[in-house]
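**Q** The chain contents come next:
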Amino acid sequence: MNILKKTIIYILLITVAIVSVFPFLWMVSNSFSTEDNIFKMPPQLIPDKLFKEGMFDNYVTVLRDYNFMKYTLNSIIVATLASLGQIFTCSLAGFAFARMRFRGKNIVFGLLLATMMIPIQVTIIPEFLLMLNLGWLDSFLPLIVPSFLVGTFGTFMYKEFFENIPKDLEDAAAIDGAGPYKMFFKVFFPLSKTQTSTIFIIAYMNNWNDLLRPVLYISSQEKMTLTMALTQFQSQYSARWNYLLTGAVLSILPLLIIYFALQKFVVEGMTHTGIKG
Amino acid sequence: MKRAQFSWYRPWHPWIFLIPTLIGLFVFRLGPMIASFFISFTEWDILTDPEWIGLTNYIDLFEDPDFLQILGNTFEFSLVYVVGVMFFGLLLAVLVNSKLKGITFFRSAYFVPVVTSSVAVGLVWNWLLSPNYGLINAVLEAVFKVTPPSWLGDRNIVLIVVAMVQVWKMAGYYMILFLAGLQEIPNMYYEAAKIDGASKFQSFKKITLPLLTPTTFFVFTIAIINSFKSFEIIYTMTQGGPSNATNTLVYSIYLNGFLFYKTGYASAMAYVLLVIVAIITYINFILKKRWVKYQY
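Chains A and B supply the protein sequences, listed in that same order. Under the working numbering, the letters of the first sequence match residues 1 to 277, in that order. Under the working numbering, the letters of the second sequence match residues 1 to 296, in that order.
Because the hints were derived from the structure by calculation, they are not lab data. None of these values were measured; they are calculated from a predicted model. Hints are supplied without guarantee of correctness; some may be wrong.
[What the hints assert, rightly or not] What the simulated footprint calls covered on chain A by chain B, stretch by stretch (three residues with Cβ under 8 Å from a Cβ of chain B suffice, anywhere in the stretch; the number is not a length):
| # | stretch |
| --- | --- |
| 1 | 235–247 |
| 2 | 255–268 |
[Stated by the list, open to error] Here are a few chain A residues that sit away from chain B, every Cβ distance over 12 Å (derived from the structure):
| # | residue |
| --- | --- |
| 3 | Lys52 |
| 4 | Asn67 |
| 5 | Asn164 |
No residue lacks a Cβ here, since even glycine has one placed at the ideal position from N, Cα and C.
Start from the sequences and build out the full structure, keeping to the hints where you can.
**A** Structure (C-alpha cells):
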C-alpha cells in the first residue's frame with residue numbers, strides 16, 4: 001500500500017474516531033466548567049476550572065449533595081446480584097442442555113430462543129402486576145429477580161462450551177465417584193472461566209444501563225439506580241448543565257473502566273449476544 | 001437411528017438443573033405473554049376490577065388517529081435505524097478490516113458509544129443539539145453562516161434526529177458483527193480476483209457482498225428487532241414529544257400502561273407490537289432463500 005493511500009485511510013479512521021468519542025470528551029471537559037462558562041457563546045473549548053483550584057467542585061457537589069454516591073452503590077448492588085444470578089441460572093441450564101439427554105429438551109430450548117425476540121414491553125404489564133401482588137414494589141427485588149432467573153444468551157454460550165468438552169473427562173470423573181452435582185460444580189463449571197467472565201460483564205452492563213424497570217419499580221429517592229437518577233436529575237435541573245454532565249460522566253465511568261480493562265470479553269460477548277438493547 | 005448412548009445421569013437430573021430457568025421462563029416470559037393477551041380484552045385501571053370488553057380495545061386503537069401516527073412513527077424510526085446501522089456498520093467494518101498499525105485502538109474507540117447507557121447518550125446529545133447553547137448550532141452558525149433548525153423542536157425532523165442518535169450509538173456494535181463476517185471470507189478469492197485484473201470496487205461487489213449475505217441476514221434480523229425496542233433514547237431525549245412526534249409503540253405502551261393507567265389498552269398495543277415483530281421476522285426468514293448465499 002502506498003503512502004498516499006495509507007494517509008487517506010488514517011484520516012478517515014481518525015475522523016470517525018472523533019465522531020464516536022468527541023461527545024464524551026466534550027462532556028468530560030465541560031464537567032470541569034462553572035455554570036457561567038458552559039453557557040458562554042461561542043462555546044469555550046477549555047473549561048475554566050481545569051487544573052485550577054476547585055477543579056472537582058462539580059464532582060463533589062454531585063456525589064455528596066445530590067446523592068450520586070448512593071445511586072452508584074445501588075447500581076453496583078443491583079448489577080452485581082443480577083449478573084451473579086445469570087451465571088448461576090445459565091450455567092446450570094447450559095450444562096443440562098449440553099450433556100444430558102431428555103424428553104422435551106428441544107421444546108424448552110426452542111421456547112428459550114423464541115422468547116428472546118419478544119420486546120420487554122410486551123410482558124412488562126403483567127410483570128408489574130406480579131411485583132405489585134408480591135409486595136416487591138420500591139425494592140431491588142424486581143430489578144434483580146427477572147434477570148436472575150432467565151438468560152437466553154448465557155445459556156446458549158455455556159451450552160456451546162460444555163458440548164465441546166470430551167466425554168472422556170466426564171467418564172473419568174464419574175468413575176472416580178462424582179455425581180451430577182459434583183460433576184458440574186467441581187469439573188465443568190471451573191473450566192468455563194472465559195465464558196463466565198464474558199456473561200458476567202455483558203449482564204452487568206445490561207443491568208447497569210437498564211432504565212425501564214427502575215423507572216417502573218423504584219419510587220423512593222434513596223433506592224434509585226444511577227441511570228434512573230440521571231433522568232430524574234435531568235427533569236428537575238434541566239438548566240444546570242455542569243451538574244448534569246458531571247452526573248452523566250459518573251454514570252458511564254464505571255462501565256468504561258470495565259470496558260477498557262476487559263475489552264476482549266466485552267466485544268467477544270456482544271458478538272455472540274446477537275440481541276442487545 | 002442413533003444408538004442410545006450411555007449416560008451418567010438419571011432422567012430427573014436435567015430437570016433439577018433447569019429449575020431456575022424454567023421458573024424464569026414461565027413466570028417472566030410465557031406467563032406474562034399469555035396474561036397480556038387476556039388483559040388486552042379488558043378495560044382495567046389496576047385499582048378496580050377488570051371488565052371484559054372483547055375486541056373494543058383493538059377497534060379503538062385502529063380508529064384512533066393518534067395511534068395511527070404512533071404506528072407511522074414506529075415504522076419511520078425503525079426504517080432510519082435499520083438502514084443507518086446497516087450502512088454505517090458495514091462501512092466501519094470495511095474501514096477497520098485491515099492490519100494497519102493501531103487498528104485495534106480505532107476499533108475500541110468506535111465501540112465506546114455502544115457500552116455507554118442510552119441515558120447518558122441522550123443527555124449529551126440533548127445538550128449538543130440544544131438550540132441556544134448547543135455546540136452544533138454554534139458551529140453551524142459561526143462557520144457555515146446558516147440558520148440551523150431546532151433539531152429537537154421541529155416536528156418534521158425530530159424523529160429522524162433521535163433515530164440518528166441511536167444509529168450513532170449502535171453503529172459500532174453492528175461494525176463488530178460485520179467484521180466477524182468479513183474475516184470469514186477466505187483471502188484466496190481476493191487474490192484470484194486480483195490476478196484476473198479486478199478492481200477493488202469490483203471485488204467488493206462481486207466477492208465481499210455475496211459472501212457476506214449470511215452475516216447480513218443475521219445483522220438485518222437483529223437490527224429490525226432492536227429497532228422496535230428503543231425506549232430509553234426516546235425517554236431521555238424527547239419523552240415522545242413535541243406533540244407525539246417521537247411517540248412510538250414501546251413508548252406509548254409505557255405511557256398508557258403506567259402513566260394513564262389504561263392497562264387493557266396498553267396490553268392491546270403490546271400485542272400489536274408483538275404481531276408486527278413476529279410478521280416481519282417471519283417474512284424475513286421466507287425471503288432469506290432468495291438472497292442469502294452460502295459459501296459451502
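**Q** Please go over all the hints and tell whether each is borne out by the structure.
**A** Taking the hints in turn, this is what the structure says about them:
1. 235–247: Coverage by chain B holds for the stretch 235–247 of chain A (3 residues, Cβ < 8 Å).
2. 255–268: Answer holds; 7 residues pass the 8 Å Cβ test.
3. Lys52: Consistent with the label, Lys52(A) stays out of reach of chain B, its closest Cβ about 22 Å off (over 12 Å).
4. Asn67: Nearest chain B Cβ is 17 Å from Asn67(A), so the label holds.
5. Asn164: holds, 16 Å
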